[in-house]
Structures are given as C-alpha cells and as structure tokens.
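*Asks:* Listed below, chain by chain, are the residues.
Number of protein chains: 2
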Amino acid sequence: MNVVGASVRRPDALEKVSGRAVYTGDIELPGMAHGKLLASPYPHALITHIDGSNARRLPGVFGVLTRERLTGMDPYYGADIKDRPIIAMERARFQGEPVAAVAAVDLETAEAALDLIEVEYEELPPLTDSLKALEFDAPLLHLSNLCHEASYAWGDVERGFAEADRVFEDTFSFPMVYHYALEPHVCIAKFNGDGLAVWSSAQHPFLVRAELARIFDLPLSKVEVTVPYVGGGFGSKSYSKIEPLVAALSREAGRPVKLALTVDEAARMVRRHSAHCILRTAVRNDGTFLARECRMVLDTGAYADNASTVNDRCAHQVAGPYVWPNLKVTSSAVYTNSVPAGSFRAVGGPQAAWASESQVDIIADALGIDPVELRMKNLARYGDEVRKGERPLNADMTGALQQAVEAIQAGAEGRQTKEEDALDRQGPSLRSRTTGAWVKRGVGVACSILGAGAAAASTALVRLHMDGSATALVSSVEMGQGSRSAFGQVAAQSLSLPLDQIVVIASDTVAVPYDRSTGASRSTTMVGLAIQDAAREIKAQLLGLATTHFEAPEEALSFDNGNVVFGGESISYGALIRQMFGSAAGELMGRGYVTPGTGGLGQTPILWESAVGAAEVEVDTRTGAVRILRYVSASDVGKAINPKSVEGQDEGAAMQGMGHTLFEELVYEDGQLLNSNLVDYRVPSFDEVPEEFETILIENEDGPGPFGAKGVGECAITVVAPAVANAIFQATGVRIRELPLTPERVWRALRQEETASDGADVSPSL
Amino acid sequence: MNVVGASVRRPDALEKVSGRAVYTGDIELPGMAHGKLLASPYPHALITHIDGSNARRLPGVFGVLTRERLTGMDPYYGADIKDRPIIAMERARFQGEPVAAVAAVDLETAEAALDLIEVEYEELPPLTDSLKALEFDAPLLHLSNLCHEASYAWGDVERGFAEADRVFEDTFSFPMVYHYALEPHVCIAKFNGDGLAVWSSAQHPFLVRAELARIFDLPLSKVEVTVPYVGGGFGSKSYSKIEPLVAALSREAGRPVKLALTVDEAARMVRRHSAHCILRTAVRNDGTFLARECRMVLDTGAYADNASTVNDRCAHQVAGPYVWPNLKVTSSAVYTNSVPAGSFRAVGGPQAAWASESQVDIIADALGIDPVELRMKNLARYGDEVRKGERPLNADMTGALQQAVEAIQAGAEGRQTKEEDALDRQGPSLRSRTTGAWVKRGVGVACSILGAGAAAASTALVRLHMDGSATALVSSVEMGQGSRSAFGQVAAQSLSLPLDQIVVIASDTVAVPYDRSTGASRSTTMVGLAIQDAAREIKAQLLGLATTHFEAPEEALSFDNGNVVFGGESISYGALIRQMFGSAAGELMGRGYVTPGTGGLGQTPILWESAVGAAEVEVDTRTGAVRILRYVSASDVGKAINPKSVEGQDEGAAMQGMGHTLFEELVYEDGQLLNSNLVDYRVPSFDEVPEEFETILIENEDGPGPFGAKGVGECAITVVAPAVANAIFQATGVRIRELPLTPERVWRALRQEETASDGADVSPSL
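So the sequences go chain by chain: A and B.
Numbering that gives the first Met the number 0 applies: residue 0 is where the first sequence begins, and numbers increase by one.
Numbering that gives the first Met the number 0 applies: residue 0 is where the second sequence begins, and numbers increase by one.
No lab work stands behind these hints, which were simulated from the structure alone.
Check the hints yourself; a few may be wrong.
[Unchecked claim] Heads up, incomplete: computed chain B residues facing chain A, CB under 8 Å, no partners named:
(1) Pro29
(2) Asp216
(3) Pro218
(4) Ser468
(5) Ile501
(6) Arg626
(7) Val678
[As the list claims (entries may be wrong)] Partial chain A-side listing against chain B, Cβ under 8 Å, derived:
(8) Arg462
(9) Gly581
(10) Met588
Ideal Cβ placement from N, Cα and C applies to all residues, glycine included.
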C-alpha cells in the first residue's frame, strides 16, 4: 500500500485556490433568466389574494410563478413527508416562505416585478414555542402539530430506576442553528424537449432527481441533475431544497432560470432542529449506569423535511456510547412557525450528546468519581451490543478516550510548564486549575458514537483508457470534504495504477452511476467499496486478455503499476486494450455495486462513527468569555485513506461544533428571524480557533470500507459542546445546561452560582 | 419488433426547432476569453519576423500565441501525418493559415490586438497546380510534394487490355469543394488544474482527446472533450481541427478561450480533395469488362490531414461495383499551396465514381448497349469478391439498380402523361426525349459501392434506473444525422422497454465510453451493436435477480415491456432493482464492447454501403442551365431502424452531391481563395431541389448492425454527378468530364459538340 494512507494533494486544490473552480452560481446558460422570490413577511398568515398579472406585464419578465400556476404537477415536496409547498398555497407558515417567484431578463427587472405582485394576507396567531406546540389551544399548523414521534426502549426502565442508588434528572436545551455554508443555495433549471435538466448545489443529486421526476411525472432517465463544486453543505443541501421551485419557474418562463439565494434567504431554507430534553439517569454509587429515560422535543419548523429521520436518530443517540441495561427514549418533532429544520452534520447527534455527556459529568461530580473513570467504567467495548438488535460496536472508544485524555493533559501540562505557573501540578486526573485571580482554566471531555445512517446503495464505474490511465465515475458530491482525493487513492490502489493516471468524476446523474446521497459519513465507505468492486471487474477483464497474450493461466499473472506481469515479462494495461480493439482505440469498463447484499452491509448501522473531544478552556469570570486553549479530537477511523483530509474533516466538525457551543443561535422574535447574516449570526472566526488543535486518528483497519476505512467527519461535532461545558464546570464549578455558551450566559451563570445551589439537585418530574 | 423500423420523432427535434438546442458557440464559461486568428495573406511565404509584444500590452488582451510560445508541447498535429503546425512556424503554406492568435476580453479587443502584431513575410513562389506538384522544378512545400501514393492492383492488366475488343480512355476532373456545414468550427478550451477540458464542434471527440493528450503530454484521463450538438459535419469536423490551437491559446491566456471561426475562416480549415483522373477501360464488344487502369492525382493542399486515408479509399473505389478480372490503380495525393483537404462524406468516393460511372455510359453509348443493361451485365452479385481479399459484396446492387430504373421511368412516364406530351413513348429503355425546341430531357443512372472504413472500436454503457427507465451512453456525435433516434430505438427494442423511457446521451469523453469516431457510416452499426451488447448484460443481471425473486430457472423467464415474466406473474425491472438495493435506490449497468473480435467484424470492410442514383434532367440548350426534375436514390440499407431518418440521410447525401454536380467549386486565383462565402460559393437552395425526390430503401435485414442494419448516408453522394452527366448526355448527346456542370460549362460543351467529335475517342497516354 503506497497510495492509500498518504496525504496526497487534493485534485481540486489548484482550481479552488486559483478561483477557477466552477460552482453552480458561475454557470451561465444561453437564454437564461434570473429568478427572485417574494417572501411572506408574516410567520403565519392566510394568503387571501395573490395576483401576478401586473408583474407579468413588466417588460423583461418571462414568468411569474404564483400558486395557481402549479398545475399538472404535485406542488408539494419533502424528504420524509411531502408537506412543503413549492410556493405557499393557502397560507404561509414561516416568515420568509416563498409566496411567488419571478423569472426575468436580469435581477433588477425581477426585483421590480416582485413589487408589482399583489398579495393580501390575513395574519394568523403564530406558534413560536415548540414546548407549546402540543398544547390543547396551540395554533394548528397542519392537521396536527406533532410531525413525528420516535420512541426507543429496551429493558425495564422502572426497575432500573427502582434499583438505583442515585437518580439524576436534568433539563437541557439546544438552539436553532444554521449551517452557514459559504455558498448559499443556487439552482439552474431548464426544461429540455421532454425532459428536465437541473444544475444545483445539492448534496443528494439522485434524490433530487427522484423528487423532480415525481413532481413533474417524468421517467428518471429524463431528469438530469448536475452538481458542480459545492461550497459547503453540512446537510443544508440535502434532499431537494430550491430545485422544485426553480424547475417550476423554468417551466413557467419557458427558458432556463437561475435562482441564487442570498444568505438571508438561504437561512430561511433550512436549519438544525432546536431541542429541549429532560434526561433522567439511574446509577449505582460506584458509577454503574443502570437506566436512562429521556423526553425530547425537537422543533422542526413549518414543514417536515426529514424530521422523522432526525427525530429517530436523535432518539437513537441519547444512549451515547454506553451499555444501558434499561433505556426509554421518547422524542417528538413538532411543527412551529419557523424555518423548516432538516439534516445538519451528525443529524440529531449534538442535541443528544449535549444532554447525555453533560449529565455524565454531573453524575461524576455528584459521585466524586473522575469523569474519565466514570466513562471508562460504562463505555461500550468493541463488540458490545450498544443498541439492542443492531450491529455490535465496532469502534475503540476506550482507546480513543485514553489517548484524548493523555493528549489534553500533556498539552495542559506543557502549557503550565511553559507559563511557569506557580500552582502545584495536580496529577493525572482532570481537575480545575486556576491561572489567575479572575481567569480560570479547566479541562473537560465528552465522547459519542453515531450509528452511521449510511444506506448501502452506491455504484461506481471505472473506465480504463487505452493509454492505461483511468477515470472513476461516482456520484459523490465534492463539497469540500476531499472525497475525490480519497476515491482516487482507492482507485489507484485497487487498479495497481499510479495516482496521477486517475481522474475521479462525480455528480451528473445522467453520466455518472447511482449513489444514494452524500452525507451520513457514507461516501468513503460505500462509494469506496463500489470503486473497489469496479476495479475488480476491470482486473478480471485484464486477466482474461493477458492469459491470451501470455498463453498463461491466471494464477501465474500479477499486477504491477499499470502492467500485467508473467514471470520476467510484462505488458501494460494500455497495450492489452489496444490489442483487444485491434488499433489505438477502446477502453475497458468495470462496474461496482454496493447493496445490502454486499458482504456484511446488511446489518445496521454499517459502522459506528466515534468521537472523543477534550477541551482545555479558559473562562474570564469578569466577562463570562470562554476561550478554548486546546482541543483534542480522537476518532476511530479504521484507516485514513488520506490522513490530512481525514484530519481536516475531523477538525472541521469540531470547529463547527464550537460555533453552536459558543455563539451560534438563530434568534426569533414573534416569529421573525432577526439575525440571518454574518454580522448578527456569529460563526467561529480564526480568532476563536483554539491555539492548539490536535486530531488523533485511531487506525485498526477494521472498518467496513475500503482498506478498513470507516466514515468520519460528523461525530466530532457532537462532543464539543459537552466537552467545553464540562471544562467550564471544572474551571468554575458552574454547570450550564443551555447552549450557546455566550459570555452573557456564562456570566449570568457565574453570578447565579454565587447565590444558588447545585442545579443537579433540581428534579422536575418527567 | 415494434420500435425498430418505426419513424419515431427525433428526441432532438423540439429543442432544435425551438432554438433551445445548445451548440458549442452557445456556451459561455466563467472568465472566458474570446479568440481571433491572424492569417497569412500569402499562399506561400517565409515568416521572417513576428512580434506579439505590442499586442500583449493592449489592455484586455490575455494572451497572444506566436510561434515561439509553442514550447513544452508538440506544435505539429494531423490525422495521418503530423505536419500541420498549430500556428505557422517558419513559413505559411496557404493563404489564410493562422500565424498568430489572440485571446482577449472581447472580440473587438482581440481584433484590435491582431492589428498590433508585427509580421514580416518573404513571399515564396506558390504551387497552385496539383498536376505540376511532382515536376522537377516545382516549389517544394515539404521534403517532397508527394504526400502519399496509393496503388491497388490485381490480375494482369496488360493482358486484359491485350484481349480487349475496345479500350476507352477518358480524363476527368473533380473540383475542390467545401463542406459548408451551417455551423463553422467552434471550440472552447480550458486548462483545469492539471488537465484540459475542451468543448468543440468535433465529430471525433476521442481522436481529439488522443491528439490533445499527445500534444500536451497528458494522460487520456485528464483530457475531457465535450461535444454539444453539432451543426453539420460532413467530415469537416473530423479528427482535430482548431482544438490544438485553442488549447494552446488557453494555456497562453491562463483562462478558458472560445474561438468561433467565421465562414471565411472555416472554409480555410479543410475542404474536399480535388482530383484529376485518367481512366482506361478494356471491354469486349458484348460489354464484358476486362480490365481497368487508372491514374489519379488528388490535391491535398498545404498539409496532409488524412490524405493517405482519402487517397487509399479513392483508389479503392475506382473499381466501382463491378467485378474486374484485372485492375491497376495508382493515386497520388500531392501538396499544393491551398487549404488542406481532408475527410468529406464518402471520402474519395465522388471523385472515383464521377470518372468510373461517367465512363460506363461512354462505353455503353459506344457499344450501342443500354447503360442499364451494361451495368447489369457487369455488376457484382451478392457474395462476389468485389475487391480481392476483402469481404464479399453484401449488398443487392442489381436489385437496387432495377428498382431505381423502374422508379425513374415511372416518374418520367408519369410526367410525360401528365404533360400530355405529344411525343411517342419510348419504352422501358433510358433514352433521351425532347420536350421542346430548346429544352431537352434525359435520364441517367449511376451506381456505386463504398467499403465502409468503419473501425470495429465502439463501446456503450446502458444504465437501467430504479423506475425501469434507461439511459444509453454512447459517444456518437449528433450532428444532424439522427443517431440518437436510432440508438434509442435499438436500446428500447433490445431492453424490451418503451421508447419513451429511454434517453440517449453522447459525446463527453469523460463521462461516456469510447467510440472511435462519428463518420464512415459506422455509428448505427458499431454503436448500435455496442448498445445491444450492453442491453444483453443488463438483461442477464435482471434474469439473475428474477430467478431469485420467482425461484424459477432462467429458461422459464421472459421479458415484456419493462417486466420479467414468469408464467402468469411478472415483476417490473424497477422493482427488481429496488429489491436488490433494499430501498428506492440503485441501478444496473450494462457494458457493450465492439471490437474486431466481435462476431464477423474482423474482416474489412465491415459492410458495403451501396447507392444507385437515377436522375431525370432538363437542359436548357440556350443557357446551359440544368434542372433535375426527378431524382431517385436507391440504397441497400439492410434494415432501416428509423426509415424517415434513413431517408433523410440518403436524400441529404444526394442533395449535397447535387452541389458539387451543379455549382460548387472553391475558386483560387494565384493561391488566393476567392469565394469563401455563401454569396459566391453556391450550395443547393430549395429552388434547386428536384421537384420529385424518391428514396428506395432495400431491406433484407442482412447487415452486420443491429437488427440487420447497415451504414447509410454517404454512398448516395457519389452517384449524383455521373447520373446527372449521363442524363445530360442522354438529353443532348454532350459528354462533360469536368465538374461542376455549371450553365457556362454545359453551354460551352453544347457549342463545342456542334463542331467537335466524341470525346471518347481522345486517347491521351497514361
């Protein structure tokens, strides 16, 4: 193995740093119109009248999409439940919901046309509090405000609680956050003859294809979804977002239409589910976990999107990486008059881990047990049945925890030494230390597992050209995660070819074979396996040609660097192809299929993604400001195909987690979103990056993916908030159960702490 | 068979008639520059000095390509011999040859920059007459002016002539003509990271890929050639034309560059070889053909392009569709200071058939034998070895001739009746008839075969989607010939699917598998077979899935309209795929390979394309104007996959042949091309279309292609000129041996006829 495992340069690097990479927004089609949206100013209102005729008469306007134009098609779409209208029908359910769309010769004309659309609204009382959604007199957004209920249980929770020495009950809340991909949603749609072509910043081109085929009643072969480079997704571009609207607008305008959302609009397309969670945990005095009970409410906003998936997965993750003899989780996803929530990196994970891993430290503190020790005691071991009926844990959690703790301590100690701190060193356990009168330091950890929701449904095609170079065609979207590097490495290794002879092509549903989606940490595993399978088929063909060429049996042949070798002789792949085609012509194709029938992939989850986060923080007790001095992220990745890319994914997940940990929150007032821009919505900047960031990759080559790889890039986001909150507790003795940990919130908690009792003793009933 | 054989609507029809179809010229890339060429004003000159530095300093200019910039690459290219410089190096060899190229922000700036390039020339004597190219004191264009010599012989020609009753010797000439595709050459090139992407109006994307990879020393996997719709090719867009220059200019400019040639420039890119031919034929008095000897000179212009192929094929076609016991052909392709000549529909065929089929009528007239009878006597029969060592004739020439003659006579007789002509009807033989004092009518025929130069090197990929619809990926270029219809029909029939579920995608070398080229009448046969092969692989997979589903053996299963049937039960293709992938996901892929090893394709030619043309003309003896009243084209097409498309191809070829027959000729004076525009260069207009046009398709389902299809669309061009000249002779008794048959030339011949003897008696020595 010389290519797999090397941190080779990304093939998209040069294009991206030189500004030549093409994103959807860069594409111009002949005759293309530009779209703009008219949005509801109200979070909840009947649309009593809408008339686009004046706008239609404006010169330069090619089409105005109003609700009555959505004929001959299904005007509703959605990932799990098809309840979201392409544009609002009888009523608008969130502020910013499109009620009309215009396609015009340019954006100025489109904007002028928006002003000419007549709309009359009748305001309805908005439902803005998810905890009130299921109350008897709550305004009803749909037939019910309960979008989806997930429950998940085993053992006998009642008995677990009865047998416990101690029971802990805490309430946690997690904010609405926005993905803030640097590229807002962009889509171009064009009806072509009897088909539809779409270019979109979409993570799931094949799911978009299926949705558009359904909406417009077309065979899949007549819908083409092309995804150029995507400027970040993180789930915000999962499933169909603006594609149905843009396609309908193109149909209305009779020409290609581009719609590029502003950040303000994109923040009204999708967000992460905010959550409220009451968590009860029963333990023995020695720290043994006996039972856990959880009641979760997720705010899914105005429409369902993939709420049932998120809700199921959130419920699934409340158990954390521990073996629970008894468990009971109920989670409700409820509608409110806010932006619809959907997939976001590690769907459901941060909400669940925030509660679970904060409470582990609360328990440790109450029992007087070191939080690392408490985790070590209860962590599932390799092979344990960590969720009933599912694949046993195939990740080394205790190893990851051990390494993360050692690394964070070494860092903290190094700092101490370096600063010639006058304080005594406090040994290997994780305890708070004080660096100054008002600046307090602490270390915290958290750990988590994520049952990758990766469906075993990928294909690949490898083309071996007559000069021996190769093209691997896969449908993973390159949205910054570096999948093309990894696939190229897998292809090179599997084909026994130099990496520089390989090109990876992705993401045009017409040309490139099926892949379910880019998300759920699935690509390296699933698509990587498909590439390996395709390479096997190519090699079988090469062997067939070479047995004829050498008049030798297959067993006597081997592959080496683009050649088939027989004893002291060899022939290049290209020469074998040229022989087959009788001239300088031709190519070989190899197909790769990954299905639930592919060895071992029938059981869910396909893999357990894992993460340990350890944070050393500094709290300024005068201001409440929290600085993360050092962060260690440890993940069992099986095998890092491209270690630098894997570290990048892991660091990226952790950094994004620092956002919702420290600053990020979509702020609503009376159903109006107030901070949908980079000035008012804080994402981590370079100032806020930890000075020291260490990623530990545990590689036992035991994953289901190619060369033992596992998925990565999601789970690390889940542990940041509890690790930081646990570190704040270690530093200050203050426990905060609500995110983000803004200076104001920390400051208030510090003030409250001076007067109040320990929050762990507060015991609201479930 | 319900789809194959039906004249279904072309899938590109709606886009094309509505103006929405995208051609290369329609494409705009972000940051794209626009290119212009600086051309040599001299047909032959040393470039003593060239300096682009003033042009480079002009604001808005991104790059100026002058000869010294062609470093780190091979500056020469060409289909058969790589002698054509990307831009002229030490000297220019034809008027209009590019000596520099500019890439600028817009065309105006690029044109302004052209004026700032300093060039100094030293004029050299031009070689303008191909017949003088091999003379001792001719100006030398390359190491030799002999570009290529082809010879082709069997039997004992000397003995054949010695045994003859009569020997006929005639000299014929064929003009330089231009393809006049409505879309001139357009190309966009873009260096991407470490690869090169090109969009081009190219007929042979994979040959362009190979040429660019060679020139820039890249693996094939890193060169992408995309071909959108092409607005006609006819061979003018074969191999590489402007692509190497545009790629080099993009490299120089550091950004994408588009170069769209004007018609004036495109006419200086490639043309058909003009020809001079001395043809000697030995016959018995009963009309039996004994021997033929031919000396041909083809003018290949300044550079070779594919001169050796054209020259070989022209020599190959001098024998016509007859069995010659003795044959000897020598053909020389020579360089001159004119536009390089290359492929043109039925390469080499019109030049050879013009001589051969004119002389057959000369012989018939001299022997007093009906020209149809003379042909019937000598025509090769099905299975005859019509060329030594090659595939026996697999076309029904006598049947086609019989049907064409009957059809042209029926038409002529119908006209006579309709006009209540006072003249006597003259029975079934083809003889002149007079319709008025100065208007003379006549009927003529000609027949021809073309050994299709189609290489057996095609592949296809068929993707069957989870809703049972399918995409066929092939690399044939859709340049108006309707290949996508035919491929869709072959795919539908082979997959047992409704046609409306199938989409055919072509022509992006990155995404779509290998095909050697679009030309030589090969696509329906070669690519059609590849699609069938791919469909077989799909069906094998479906059978595998269905045997599991039904628990039934393969033999008990059958296919019907998107379903696999077992007794009274059936399951759709889509359902089988969804079962395999365990959800609404996935697809099947089937690969198709066509190589010389594919059953029966090892022998050349793969098929004999055939044509019979019969023309009824009217000659105005006062003006020399010739009108084609009725034209019948008969071809043995094996099986017409889409009869309307096949007729369109056949009529198109005949119509294009009427161009060089009646008007078309590139006129040079002292090496300057005078008529490179639609005003001065006449192509047939609707006024000149025959009033009656009939296409007869002979379908014995005996071709090597899918469902017994054969190639079509080329051979019909070869017979028009001799059929019309033979008809003029029948009408007026005047034999013309030089094309085009302009009114002036016909008028002069008529005047000369009044005073001179029969040209058939002129006997220059070979």
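*Asks:* Hint by hint, say whether it matches the structure.
*Replies:* A quick look at each hint next to the structure:
Given the 8 Å rule on beta carbons, the hint for proline 29 of chain B holds: about 4 Å separates it from the nearest Cβ of chain A. Checking aspartate 216 of chain B against chain A by beta carbon gives a least distance of about 11 Å; that is not within 8 Å, so the hint is violated. Proximity of proline 218 of chain B to chain A holds as hinted, the smallest CB-CB distance being about 4 Å (cut-off 8 Å). Below 8 Å, beta-carbon pairs count as interface contacts, and serine 468 of chain B has one with chain A at about 4 Å; its hint therefore holds.
About 6 Å separates the beta-carbon of isoleucine 501 of chain B from the nearest beta-carbon of chain A, less than 8 Å, and the hint is met. Nearest Cβ of chain A to the Cβ of arginine 626 of chain B: about 39 Å, over the 8 Å cut. The hint is violated. Hint status for valine 678 of chain B relative to chain A: violated, with the closest Cβ pair at about 28 Å, above 8 Å. For arginine 462 of chain A, the interface hint holds, since its Cβ comes within 8 Å of a Cβ in chain B; the closest pair sits about 6 Å apart.
Proximity of glycine 581 of chain A to chain B holds as hinted, the smallest CB-CB distance being about 4 Å (cut-off 8 Å). Interface hint status for methionine 588 of chain A: upheld, as the beta-carbon distance to the closest one in chain B is roughly 5 Å, under 8 Å.
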